[in-house]
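Chains A and B, in that order, give the protein sequences. The first sequence begins at 1 in my numbering and counts up by one. The second sequence begins at 1001 in my numbering and counts up by one.
Please note that the accuracy of each hint is not assured.
Stated by the list, open to error - Pulled a few chain A residues facing chain B out of the computed Cβ check, cut under 7 Å:
#1 Glu204
#2 Tyr205
#3 Glu207
#4 Ala208
#5 Leu210
#6 Asp212
#7 Gly213
#8 Tyr214
#9 Leu225
#10 Pro226
What the hints assert, rightly or not - 20 Å max Cα-Cα, derived EDC-like pairs, lysine to aspartate or glutamate:
#11 Lys1070/B to Glu1059/B
#12 Lys136/A to Glu1053/B
#13 Lys1113/B to Asp1128/B
#14 Lys136/A to Glu1012/B
#15 Lys274/A to Asp44/A
#16 Lys1094/B to Glu204/A
#17 Lys1070/B to Glu204/A
Think of the hints as simulated: they come from the structure by calculation, not from any bench. Fair warning: this is a prediction, and the values are worked out from it, not measured in the lab. Ideal Cβ positions, reconstructed from N, Cα and C, are used throughout, including at glycine.
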Amino acid sequence: MSFSITDPSRRQKWIAGILVVTYAIVTLLPLVWIIATGFKTPPDSIAYPPKVFFSPSLEGYVNLFTSRSRVTPEDLAALGPPTTWYDAIVRQYDMVITGPSRYGERFLNSVIIGFGSTFLSVFLGTIAAYAFSRFKVPLKDDLLFFILSTRMMPPIAVAIPIFLMYRQLGLNDTHLGMILLYTAVNLSLSVWLLKGFIDEIPIEYEEAALIDGYTRFQAFYKVVLPQAATGIASTAIFCLIFAWNEYAFAVLLTSGDAQTAPPFIPTIIGTGGKDWPAVAAGATLFLVPIMVFTILLRKHLLRGITFGAVRK
Amino acid sequence: MAQIVIKNIRKEFGSFTAVQSSSFTIEDGEFFMLLGPSGCGKTTTLRMIAGLELPTSGEIFINGQEVSQKPASQRDIAFVFQMFALYPHMNVRKNISYPLVSQGMPKAQVKAKVEEVAQILGITALLDRPVGGLSGGDRQRVALGRAIVRNPACFLMDEPLGALDAEFREHMAEELRALHDRMGATTVYVTHDQLEAMQMGDKIVVMNHGVVEQFGRPQDIYDWPATTFVANFIGSPPMNFLRFDGSVAAGATEVALSGHSVAIPQTVQPATGALILGVRPENVHLDDTAPLRGRILAAEYLGTTQIVTLDTAYGPMKARISSNTGVTLGDQTGLRLDPRAITLFDPQGRALLSVANQRVLAHG
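Go ahead and model the full structure; you've got the sequences and the hints to work with.
Here you go:
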C-alpha cells in the first residue's frame, strides 16, 4: 500500500461518496415525491400509509390543463361515449371538460417575465461590470457598495412602497412591471458576479484587438464577451432561478394578466376538492424549463476556456 | 517602414510621473531597445507609442505624422505582448487573420497572407490548432504572426521573450533578430535584460525613474556610459567605481588619487568635488608594478576569463582577466587601469566629457 499526500485514501473516498449520496437523497426526495404525485390518482395521492408503488394515471395533468363541470348522469348518458382519452378520465367522476384551464397562460407569463428579466439583468450587468472593471469611474467603490447594499435587506421588505409606486405608475399586474422589478432585484448580484469574471480577463486581449484595428465596442463584443461567456452563463442561471421561483411579489403585484405560475399553482387546489395530483403536475412542468436551461448552460459553467492562452 | 520621433514626451498617473520629458529618435528599419529596470517607464513609453496610453504632454511622430493623441488602430503598428494575448477562443489561423479581417480584406487574400506568414514562422502545421495547447515558443510565434501579417509601419514588443524559458529565449532572440533583418521594419523592443538589449539591438535607450539616461549604439553605451546608472546597469559585472575627492581641469590627462596619479583620456570639462573614476573590469589589469594596490579576495572562473575581486583602498574592485593567469587568494597585487577606457563622473553622476567619449556623448 502506498501513501500519497494529495490523493484521497480509500476510506476518505468512501466517506465522501456516502456524504454526496446522502445529500442527493435529501435534496432529491421531495422532487421525486412531487413528480410521482403528479402521476397518481387523487385517492392514491392522499392514501395512508403513502403509496410508493401505484398504477400511474394522467388524471393530474388532465385536471391541470382543463376546466370541468359536474353534470347529472342523465346528461352524461345523453352525450354519448367519450371521444378522447382525457374525456374518458374526466367522465369517471360525472364531469365534462368545459375548456382549457389558465395554467398555459400563467406558464407563458412566467416564461416572459423570467427570461425577460434575466436577459435585462445580465445585459445591464455585463455593461455595468465592464465599465466598473475597465474604466476610471468616479466614486467607483462607493457606487459598487451602493449597488450591493440593495441586497442587504430582503426585497419583500419594500413590498408596500413598491406596491404603492406600481399602482401610481400603472405597473400593477403588467409584464413590464414584473420584469423591471425582478431586474432591479437581480442587478446587484449580476454586476458583482460579472465584475469578478471580467476582472479576470486580461486587458491585453482588448489592447491587442484595439491595435488590430477594432473599436472599443468591437473589442468588447468580439473578445471580452466570448471570454466572459462562463460568467454570463452562471449569472444568467442565478438570475433566472430567482425570477422564475419568486412568489411573494408575484402574489402581491399580479392577479390576472401578468400572474406567474408560482402564485397560480396553489389556486388549483380549490377547484373540485383537494386536487394534489394537479398541483404536483403543475409544479413538475414548472421545473422543466429551468432544468433545461441549466443543463444547456452547464458546459459553460464547467469549461475553463481561457486555459493556457495567457501564461501567468 | 517608419521613422519614429519622440519629443519631450511625458506621462503622469495622478501624482506619479512615469515618464519625464523624454526625447529620442528611432530611425527607419532600426531594431531599437528600450532598456531599464522595472518601473523605469520603458513599458509606458512603448504603450504611448502604441496608443494604449495617451501622453500627458509631448509629441510622437510616426513617419512624420503627429499621432500622440490618435487611437491605436490609426497608427499602423503591431504590438507583441509579454503574455502573448492570443485570443483564447480562436484557433491559430483565426488569431493570425484577425487584424486582416478588421481591415475588410477579402477572404481568399486573408487565407493566402496567413499561409505565407505561417510559412515564414514555420507554424503551418499548427494553423488549425487551438492556441490553448501550444508551447510557449509556438505561442510566441503565433503572436509574431499576428503582428507581421499586417505589414505594419513598425513593431512594438513588450518583453516578448520574458515568458519563455531561459534556454528557449536565446533561440527565440536569434529568430526574432533574423525575422527583423528579413522584414526590415522598425522594431521597438522593451526589455530589462541588458544582455538581450546588447545582443539584439541596433540602438538602445537606457531609462531610469522615467528619465532617458542615455541613447545610442550598444557598444557606445557600454564603452562610454553617460551616467553612473548606465555604467552600473550595463555590463556584468558592472563598471568599477573609484570614489575620490579632487578636481580636474579641462585638458587634464591624469587625475590624482590619494598618493598617485592615474592616466585618463584628455578631459574637455573641468570638475571639482566628490568625483568618481569608472573603469570596466576588462580594463583592469593585474600588474605588480602598478601603484594602486589590492588584495585578491575571490576569483570566479568563467571559461576563457575569470573575474577577480580585489579589496582596495577604494572598496572592492573587479577585474576580468584571462583564465590562464594564476591568482592566489590573499595575495597583494598592483592594479593597472587602461588609460584609454576610463570615464570620470561628476558629483551628480554624469560623465565628464573627454576627447574619448565626446563623440558619443556630445549629441546629448
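For each hint given before, does the structure comply? Return the numbers of the non-compliant ones in rising order.
Hint check: 9 fails alone, others pass.
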